[in-house]
Structure formats: C-alpha cells, structure tokens
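A.B. asks: Protein chains in written order, with full-length UniProt numbering: chain A, 1 to 525; chain B, 1 to 373.
Do not rely on the hints blindly, as some may be mistaken.
[What the hints assert, rightly or not] So the derived label-pair ranges between C-beta atoms look like this:
#1 A/160 x B/210: 23 to 29 Å
#2 B/260 x A/447: 21 to 27 Å
#3 A/332 x B/315: 56 to 62 Å
#4 A/497 x B/188: 37 to 43 Å
By construction, these hints were calculated from the structure, which means they are not laboratory data. Each residue gets a CB set at the ideal place from its N, CA and C atoms; glycine is no exception.
Chain by chain, the residues run as shown.
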Amino acid sequence: MSNHPFCEEILPNVRPKPHLAQLKTMSPRSVASCLGEEAEPHLATISVQVCIHRVRWCSSIRVIKSKYVCVFDKSALKFSHQQRLFRTSAVSCGQIVQFKLSDIGEGITEVTVKEWYIKEGDSVSQFDSICEVQSDKASVTITSRYDGIIRKLHYSIDDIAFVGKPLVDIEIDASKGFASEKDVVETPPMSHEEHTHQEIKGHKTLATPAVRRLAMENNIKLSEVVGTGKDNRILKEDILNYLAKQTGAILPPSPKAEIVPPLPKSETVPATPKDKARKIPVPVSRPIVFSGKDRTEPVTGFQKAMVKTMSAALKIPHFGYCDEIDLTQLVQLREELKPLAEIRGIKLSFMPFFIKAASLGLLQYPILNASLDENCQNVTYKASHNIGVAMDTEQGLIVPNVKNVQVCSVFDIASELNRLQSLGSAGQLGTSDLTGGTFTLSNIGTIGGTYAKPVILPPEVAIGALGKIQVVPRFNGQGEVFKAQIMNVSWSADHRIIDGATMARFSNLWKSYVENPASMLLDLK
Amino acid sequence: MVLQPSLKNCFRLSCVLRTPKAGFRSTASEALIIQSVSNDVYQNLAVEDWIHDHMDLEKRQVLFLWRNSPAVVIGRHQNPWQECNLRLLRQKNIKLARRRSGGGTVYHDLGNINLTFFTTRKKYERMENLKLVVKALKALRPQLDIHVTDRYDILLDRHYKISGTAAKLGGTSAYHHCTLLCNADKFVLSSVLKSPYKGLKSNATPSVPASVKNLFEEDPSLTSEMLLDAIAKEYATQHQIDHHITLINPADETLLPGINNKTKELQTWEWVYGKTPKFSVSTCLNMAYKDSVLDIKVNMDVKHGRIEVCNIDLPEQWLPPALYSKLVKSLTGSKFCPNETTTLVTTLLRVCPQDDELHSRWNLLCENMIMLM
C-alpha cells in the first residue's frame, strides 16, 4: 500500500473526492488502493477523472483507462453508459476548432484537394488521415491534429485550398483536460464479458508502471498474468513469459468466455477481506479477441451475370448419371504422345482426348448438342460441336469453348486449349472465345473430388464433370487384381428433351472411346 | 498479441542497418544509402511506403536507389486511361502501377534509374536534391549540358527531359523521388505513353508530355550502374558519410515487417484503377454492321473505376429493349475493365433468346464497348 500522505488521511468510510492535483502525483496503484469499493457513489466521477489524467500522462491511450474503469465497480459500467448519453447531449456544446491547412513547405500557398478520407459526422483521432491534397507534383496527406468529430468540410474535391485557411471544422470535447470523449467511453479491445470478469475478480493487480506499460503495449490484461514477485506482484519477466506462451497458441475464437472453476493459486489474490467475498468461477483461458467484422459488398458485374445464369439454369429439370472410367490405357497413350506434342510446342493433357471422344459421341446422339428455346416449343440441333471447358479464374468460373471439335484432331484441340488457357490466366479472353458453346466439360478433378452434380449452362442441355484420377485395385477379365487408373464422370442433362437412356448410351459410348483410345480411330472423321 | 508496429519496426530496421559493415561508421551517421535488389515496381514502391511510414527520418535521412523491369507508373491522382495505352500494356505484359506521390506518368525499364530522397517534412527540399544529382552527373561527365528547371525537371541540352520529379508529404516525413533516363527504350516509352482513348473528361492530374533523351545517347560509355554510383558518392559526400550502399531485399519480411502487405495493396485493382478520380467517357462507336455503318453515341460516368452511369444511344429496336436494359443494368456498378466486361456480357448472353442475328449484334456492340476500356 502506498505511503502517500493523502492516503493516510483517508478514513475507511469517508472518501472525499480527491483533489485532481493530488491525484496527478499519485501512482495509479495508490489511487486505486485509496479508492476502495465502498466509495461507490463517488467512484464514477472519480474513476473517470483518474482515467483521463492517467491517459494524458501516458501517451498511449486506450487500454489502461478501461482497466481502471472496470477494476472498481459495475457502477462504472453504468456510468460509461451514462457518459455516452451525456456525450450525445453534450455534442452541441463541444468546442468547434477550425483545423487550418498547415504549411506545406517550399513557399507553397495553395493546393488542390484531391480526395477526402472522412466525411461530415465521422469521428477522427489524432494522426488519422483527413484528406489528400496536391500541389505541383507533390501529394500531401493531411492528418488530424485533434480528436473529435468532423463538423464541416470547407472544400470539395478539386477545389483550391489555401495554406493557413480552415480546411475542416472539428468538434472536440467541451471539458478541458479530457483528451477525447473516446477515451472515456470506448473500451477496446475487451468485450463486455471481459469487463464483468475483471470486476468479479475484484483484486488489485500489483505491478510497476513500467510493467503496466509493457502489458498495455501488448494488449495483455494484468489479471491474466501470473505474478511471481513479492505479494504476487507482476514482474517484467512474467509479462514476457505470458507473451511467450501466447505466441503460437491459436485458440478458436470464443464469443463467450468459458466458465471454469476458480484457479487455485495462479491469479494474484492478495489476502484482503474484500476479496474473499468475490470467489465466483472465473474463466481460465483468455478468449481470443476476434475483432473481425462482417463485410457486405454489392453483387456487381460478373457475379451479377452469374446470378442470372444460375437462376436460369435452375429452371432446367436436371437429372444426373454417373459412371466410373478406367483410364489405364489412356494414361499410357498420353505418356507416349506427350513428348511428340512438346516437340510441336504444345502441352498435352487428358482433356483433348475427352473432348474429342465427346464429339464422337455427339455425332451419334445429336440431341445432347441441342438447344431448347424459351417456350420449349423448338429444339435446335446445333451443327457445330463447340465444346466448352470450364476454367477457374480470379473472377470465378468462365467457360471458353473449342470451336468445331467435330473437324478437329486431338492435336488441334490441344493447341487451342493451350491458347485459351494462357489467355484465360492473363484475363484476355475475347467474346468469341466465350460465346457459342453447345456442350460443356468441367474438369473439376484437377482441383479434387470424385462425383459431382454439375449445373447445365444455358442454352445447353448437357454437361459432364470429370473427377480426379485415382489409382485403385480392380479385377480384370481373368479375375486378377491389377492397378487401375479410375476417374469418375458425372453427367447432368435437361430432362425435358433428354431421357435417361440416351444419356446412358452416350456415356457408354464416350466411356468406350476413352477406355480404349484405339477405338476412336475407327470413327474419326 | 499486438505489438505497436511503428515503434518495433523502426527499431528493427535501424538495428539491422546499424550492424557495422566494413568501413561503415555506426555512430553519428546522419544519412543512409540503400539500394533495392528487386526490379519489381510494386515491391520497390512498397519499400518507399514502408520507409515513409516506419523510419525515423529525424535521426537520419535516406537515399533509396531502385530500378524496375518494364512498367508504367502513374501519379496518385491520375487517370490511367488518359495517360497510357492500356491495351498495349496488356499485350506487352508491361505492368501498371500507381504511386503514392503526385505528378505525372513515367515509363520505367532497366535503363531508367529511380532515386528517392527521404527527409523529415522540415528538411524537404526538392531543388537541393536535384542540384545534387546534377552535380554528381557533372562530376562524372563535365561536358554534359544539364540543368534543373523550375518545374523540377532535369533537361539535357536545354531541350530534352532526362528526369521527372514527384513528391509525397505525410505526417512528419516526406520523400522526393525522381527518374533518370540512362538507356531506356524510347520507342516503347513513346508508344505506351500515348493514350488511344477518346472522349475522356476528368479532373485527374494530366501529364505534360516532353521530348526525352537518354544520357547514353549523349555519351555511350555511361551505364545505369555508373550513374547510381556517382549519385551515391555525391550524396555520401554531402552528408558526410561513407560511400557505402546497403542492399535491401523488398521481400524480406523480417527486415521490413509488413512489407508484403504493402506490396499486395499496390497491386490490387482497387488501388491501381479504383483510385482514379471520377471521370466521364463521351464518345462515338463506329460499328460496321452488314451493309451499313452505325454511329452509336456512348456516355459513361466512371467513379472509383466502376461504371456509375451508362448510356448507349442505339437505333430503336436494334436490340430488344429488355435486352438493352439488361445490358445497361449489368454494366452499372461493374468495373470499367475489359476482362470483367467480357465475362459479364458473355455470361449474360446465355440467358438471352437464342437468335443468331441477335447474338451477332450483341457481340458487335459489346466488343466495341470493351474497346473503350
């Protein structure tokens, strides 16, 4: 306990309001110990003033004052609420300061206002950016000298502003000596639950101002730290140990602190009579303060278009058909052909084979390459097989298509795919690449997944999703187990004009081409 | 845990840089010369930001030397559509960056060197810096006819611009940076800095075009390295420090905590394009359709890089009104960007009536609109 003469004079039940001047010379700890819980009626006013003065001494503002508000009493919370109300009503009484445009240097007298970072009604703190002005190739960020609320902007964008003339009007808190109304009311970063827990503990944490500052800078609540000094005093080493424990420990954010039985000895509990009354379960783990906020953005541009497309797709009655494809032979074939394609400067993947096989299948089942008009009156059988390949880009899903696959060789398809892929990643696909598709394949397996339920892209009537290739054991014709490269395909088709049997037969044909690539040779055109 | 970033970072960098290197006096140094090992324009601009935000320039001033691979750098309040040929940039894979300082547009490549003079706001003095550069150049090649204009340009032979200047002033610190053309590709420079976009009206800072010349053309024995060295030497002399250049890696997060975030921010669309002051596009599309040529008036307002208002004056019934209004509604709020618009209009086409004539008209109109971006 402090030996401050002021404290010695105080009798237990009589607590006059300490003189502000005297408070200034006392350490926070001595003030805290002087003002005990009994002084409730006075506490509210006193605690606030104590806070503010402490705030002004230590240039770092926020955490310390909230600590003090809490340590005392619930009434302090009530008071902050009242203070908030007080502030609202006192807003009109706030002093309006005209923040003048300060000297830019080099004898410059006028600048152009280029961007405002705040608007009227916003609250600002000291050093917040207010606006950007430009003068003769120099861009200057004007920062606020005051804490307060912006009441008036003297210029609009592109106006000429003059050095030495008012730039904005800021309303700062009426009462002198209060650095900012924000200091009194704001309680970051602790949530309300934290407040209550702080009070419940009710003990006073012993620590020197230097240690308190270290804790404050690192957003640590002293109540959470185990003190190893005399009288459970918190030392600098304790803070550092606490920090060391915290780094690397990523706890899931918990909105409410868990209630666990009171700690046996880790909390600093000085043996004073007042504290014995406060043995309520306290949380052990410090809930990680999650200061994230929801972010709402308007749906614009490409996303809006996707919304329209998918809503239209929903109107199509989809049915699905899935199958398992054994790619063992195709894998081997591709390995053989890859170097040949590379010599010609083209990267050969599996897609060109899938696409060509699909086109061969469409020759037999042209209804899958058709389009149904809006009123479902007419079905148009498209002559060209413009097979779309779903691509994932920064914007989202785009589907460029390879035109006229029915007259393309596998190599032609491969080189066209290369072209589309490089344009796609550079964000330079043209309208003709992205329109005119009649059938789509989506190779979702490159990202992952086995079976899918793809959504048909209007005005098409069918789509296939290819899963990833997995090596699994299968039985061959002789009943022997062999290593098979298996991929799953999931088709979706428009049930208004396509029936299950057609889809199944198409799928079987496609499967036979892909599983036995040599058979494609028979039907290549 | 939350550590007060500025204090800690300031401490860290100055700590590392204070490590004595051969011949580098660690006490009483009033200045520091650093050079970037990276040629990435975004990384280098991020270093400028970092030093501006985190270093205590009261203790010492800094000279930062850097070069970039081909890039166009526009000033803080400029309009990229007005300043350069964005189509050409995209084709040639030339980067576009927006810096935080004011001024005009410049083309950077490895034949151009950049110098940034960091000081406190009180010591902000552009003329002094440029005089330093001229002095260094003259010391290297006394026969060069170079001088500083009152617009803070450096001219060669009284006529050709070899250096442009820009500056940024913040709370307590300031920086003045300038370019210096040693051996840049003038052909690419002039083609990328010519905007093909017509009908743009804005209050963005316009660039003042100037004839440029490379120092290399005046004296083929000069290289960028020689110029950098000469300037560093003069700076060292004037600030009474050792002629020692500390290399820094702009990707080093331990040396420059937070630098990667700064680099990322400079690359976002919202910064590069979104920070363009409000402008309007008022132009005429000449579309050849079948046997006729159509003149379509287009008016668009673009704010924060997004289309706020869009008006296309089509002949009546050229497109069904419902479709036209769908197009306009979709474009509104969308980025003024060819890629975004392409994906948007092609996706919209899926839900339009499937009519070849209609599709070809739609594609024609959209392609022309995209050319404006």
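A.B. asks: Take a look at whether the Cβ-Cβ distance between residue 332 of chain A and residue 315 of chain B falls inside 56 to 62 Å.
C.D. replies: 59 Å, holds
A.B. asks: Regarding residue 260 of chain B and residue 447 of chain A, is the given constraint of 21 to 27 Å on their beta-carbon distance met?
C.D. replies: 26 Å, holds
A.B. asks: Look at the Cβ atoms of residue 160 of chain A and residue 210 of chain B and judge whether their distance stays inside 23 to 29 Å.
C.D. replies: Holds, at about 25 Å.
A.B. asks: Okay, residue 497 of chain A versus residue 188 of chain B on CB: inside 37 to 43 Å?
C.D. replies: Between residue 497 of chain A and residue 188 of chain B, where Cβ atoms are some 55 Å apart, the hint is violated.
Checked against the numbered hints given earlier, the structure breaks only hint 4 and satisfies all the rest.
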